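Asks: Going down the list, the protein sequences come from chains A and B.
For the first sequence, the tail end lands on 1762 under our numbering, and the numbers increase by one without skipping.
For the second sequence, the tail end lands on 1762 under our numbering, and the numbers increase by one without skipping.
Where chain B lies over chain A, by a calculated footprint (3+ residues, C-beta under 8 Å):
{"#": "1", "stretch": "1470-1477"}
{"#": "2", "stretch": "1482-1496"}
{"#": "3", "stretch": "1533-1547"}
Since the hints were made in silico from the structure, they are not lab data.
Just so it is clear, the structure is predicted and the values come from calculations on it, not from any experiment.
Ideal Cβ positions, reconstructed from N, Cα and C, are used throughout, including at glycine.
The lines below spell out each chain.
There are 2 protein chains.
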Amino acid sequence: MQRILSTELASHPYEKVLVEGWVHRIRRLKAVSFLIIRDAAGLAQVVVTDPAQLTAPEESVVSVTATVTPNEQAPNGVELTSPEIHVHAAVDVPLPFELHRPVLTAGLPAQLDHAALALRHPARRAALRISAAATAGFRAALEAQRFVEVHTPKIVESATESGANVFQLDYFGRPGYLAQSPQFYKQMMVGVFERVFEVGPVFRAENSDTARHLTQYTSLDAEMGFIADHRDVMAALTRTLAGMFGAITERTGFATPGVPAEIPAVHFAEALKIAGAPADEPDLAPAHERALGEWARREHGSEFVFVTGYPMRKRPFYTHPDPADPAYSNGFDLLFRGLEIVTGGQRLHRHADYVAALHAAGEPLAAYRGYLDAFRYGMPPHGGWAIGLERLVARLTGAANVREVTAFPRDPHRLAP
Amino acid sequence: MQRILSTELASHPYEKVLVEGWVHRIRRLKAVSFLIIRDAAGLAQVVVTDPAQLTAPEESVVSVTATVTPNEQAPNGVELTSPEIHVHAAVDVPLPFELHRPVLTAGLPAQLDHAALALRHPARRAALRISAAATAGFRAALEAQRFVEVHTPKIVESATESGANVFQLDYFGRPGYLAQSPQFYKQMMVGVFERVFEVGPVFRAENSDTARHLTQYTSLDAEMGFIADHRDVMAALTRTLAGMFGAITERTGFATPGVPAEIPAVHFAEALKIAGAPADEPDLAPAHERALGEWARREHGSEFVFVTGYPMRKRPFYTHPDPADPAYSNGFDLLFRGLEIVTGGQRLHRHADYVAALHAAGEPLAAYRGYLDAFRYGMPPHGGWAIGLERLVARLTGAANVREVTAFPRDPHRLAP
Chain A
1346 MQRILSTELA
1356 SHPYEKVLVE
1366 GWVHRIRRLK
1376 AVSFLIIRDA
1386 AGLAQVVVTD
1396 PAQLTAPEES
1406 VVSVTATVTP
1416 NEQAPNGVEL
1426 TSPEIHVHAA
1436 VDVPLPFELH
1446 RPVLTAGLPA
1456 QLDHAALALR
1466 HPARRAALRI
1476 SAAATAGFRA
1486 ALEAQRFVEV
1496 HTPKIVESAT
1506 ESGANVFQLD
1516 YFGRPGYLAQ
1526 SPQFYKQMMV
1536 GVFERVFEVG
1546 PVFRAENSDT
1556 ARHLTQYTSL
1566 DAEMGFIADH
1576 RDVMAALTRT
1586 LAGMFGAITE
1596 RTGFATPGVP
1606 AEIPAVHFAE
1616 ALKIAGAPAD
1626 EPDLAPAHER
1636 ALGEWARREH
1646 GSEFVFVTGY
1656 PMRKRPFYTH
1666 PDPADPAYSN
1676 GFDLLFRGLE
1686 IVTGGQRLHR
1696 HADYVAALHA
1706 AGEPLAAYRG
1716 YLDAFRYGMP
1726 PHGGWAIGLE
1736 RLVARLTGAA
1746 NVREVTAFPR
1756 DPHRLAP
Chain B
1346 MQRILSTELA
1356 SHPYEKVLVE
1366 GWVHRIRRLK
1376 AVSFLIIRDA
1386 AGLAQVVVTD
1396 PAQLTAPEES
1406 VVSVTATVTP
1416 NEQAPNGVEL
1426 TSPEIHVHAA
1436 VDVPLPFELH
1446 RPVLTAGLPA
1456 QLDHAALALR
1466 HPARRAALRI
1476 SAAATAGFRA
1486 ALEAQRFVEV
1496 HTPKIVESAT
1506 ESGANVFQLD
1516 YFGRPGYLAQ
1526 SPQFYKQMMV
1536 GVFERVFEVG
1546 PVFRAENSDT
1556 ARHLTQYTSL
1566 DAEMGFIADH
1576 RDVMAALTRT
1586 LAGMFGAITE
1596 RTGFATPGVP
1606 AEIPAVHFAE
1616 ALKIAGAPAD
1626 EPDLAPAHER
1636 ALGEWARREH
1646 GSEFVFVTGY
1656 PMRKRPFYTH
1666 PDPADPAYSN
1676 GFDLLFRGLE
1686 IVTGGQRLHR
1696 HADYVAALHA
1706 AGEPLAAYRG
1716 YLDAFRYGMP
1726 PHGGWAIGLE
1736 RLVARLTGAA
1746 NVREVTAFPR
1756 DPHRLAP
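Next comes chain A alone, as it looks inside the complex (with noise of 0.2 Å):
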């Protein structure tokens, strides 16, 4: 018998039909039990009058054959009766936390210990589906874009961009880095294709252990040749969040904030008055960016704010100038409910402009041979962005801990399952 999802039993009323799936819940009362089964799709209530039929606890995996009768009692107008009961594999250990609690009741810790069996939460399913939707959405709208994905090293040679925050390993007994960014790699793409988008691991051995820092995390990235300025670049990327929102809503029905056609943008001088810090501050501090998301959405009803013009000091070396005042970048920030999600702007173009921002910085230029190629040979103006997936998922679903919204987060302190 072909199985059945139990979102698709109310189609089949009175029909004879296998669903497959988890022991959810088991509901012992006086005259009749109810089992509960979780697949893919939800959940299904099976009507078992005989206990002997019981055998497997929650989380075992059980076939059922088992006839659909309409009940306006049970969850969606059906349940399942007069069952057969295969078991697949029967749990024999009893359960770290319980699964069929609206919420894990089960601290993070312990969670993560068992991320295995926590993923199965739906309230943790769905955060990842969310992602699962943000992400295809991403690569939908680059490609409606004109945009190509490129896939890029993870080794590197160089502990470049930022020296103290990468993993070091042994690449057949010399030095090698695990990239903290496709960065340098996407660039060196637009003088293949013009526009290239990556979605990928980054790796950062920042010993930081907060609610929104991971050491692996998935970089939604792009990068695009021949734009104006960084504008061009926060255009495209407000086309392609209005499709990630929209791919979240479409797929799993999550409701999303909309995104304005313009996103509200201020210069960074402009946002330490807002955020009411020191007009020399050279960064925004989180209470900053918080203060940030409360002023767009009372000004402008926004959920989302760029700050733009951040100081070159504050910036990496391949970030452009702003022309008019070359204190200031071409480089923004995009809040997120005030919270920093993307960081992206407009890159130097020139070799020449590379070659003095690296002797600036005191950087060797040996480091940089095949990323200067590009430069050597060609290339346009262009800038990008790159979004953290975990930060956006967090954000969106008022989760505390990027954590809860990753199947299994690295941190400082760990490194399993």
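Position chain B relative to chain A; hints supplied.
Replies: Then chain B, alone, in the frame of chain A:
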């Protein structure tokens, strides 16, 4: 003025347009010169009558404002006349090799040393577009079959699966390892979504410098629950390959061979006979795979052939044995044009079977704690596969070396660019 792409010129006869791109080639004739511009879409021919306008050599980036003039002799039936040329970035050094020849004449090492330049060649670019299309087709085919995308850790605690071939790194003072595959994680996620896929980098510290090995490659992984046996996995894989090949042809125009609705399958014991190998061979050598590829084409008119029932002793511990003959497995390989491009099979799903298999392999259970959790708490019969993207694309395009279809390949001797 809004930029248009080279391929759109024919739709704008006699209009003044803006085209941007790289100087692909300059051809100086007696009375006139031709400037060939390369953009993301193709090539455009610009007629230059004043040699003083040709200041930017090949690979420089330019903007050209000019009039679209029909000319049957020109590529695509149009050329650009009366141009104004603006140089975004001028190349002021000789190129290490020419890009405008139909085939790159530089050897592969020179191409890889200057990857940022070599990848701009239309042939190299085309292979990467095929790669992107294959990946998009993979995802679309799987999403149509209810698979959910996941992102899993690339840094792991134990050198499991096969200890010798893993990269070791320093994880905050203790050892960590780069994941050789998402195998354990995708299996755990079957417990969450039933069907999952992942597109991501995998790492092999194998010191073999061949035309088909890389130390990092892109693995197209899928895993599915509630199967009868490996044949359900093979059927899902066949549908997925058809989707991938369809996407390649649709997106790039590259002609792909048909994927049979049912790919011929031979048992390992039979495969040895066909390949003329001794009956006690534990695995197929490359020459055997080639012989099987020829046999499949000759006997079945198929570029693909499944080999099923590999001996258990050559498959990993999580492989499900053939219930009819436990010396053989429910594991399979898929050969495409005589090369193995996919490995897959049914996996064990009961906790006790894992404990027994790990004991038999002499492996400590503690190293597999988080993984075994999934089976302790109920898992359905399941299986899956992993496709090596670069191998598939090399075999499809006829590239002799996987490095030709990889943007920035990594091998034991190459860690840059």
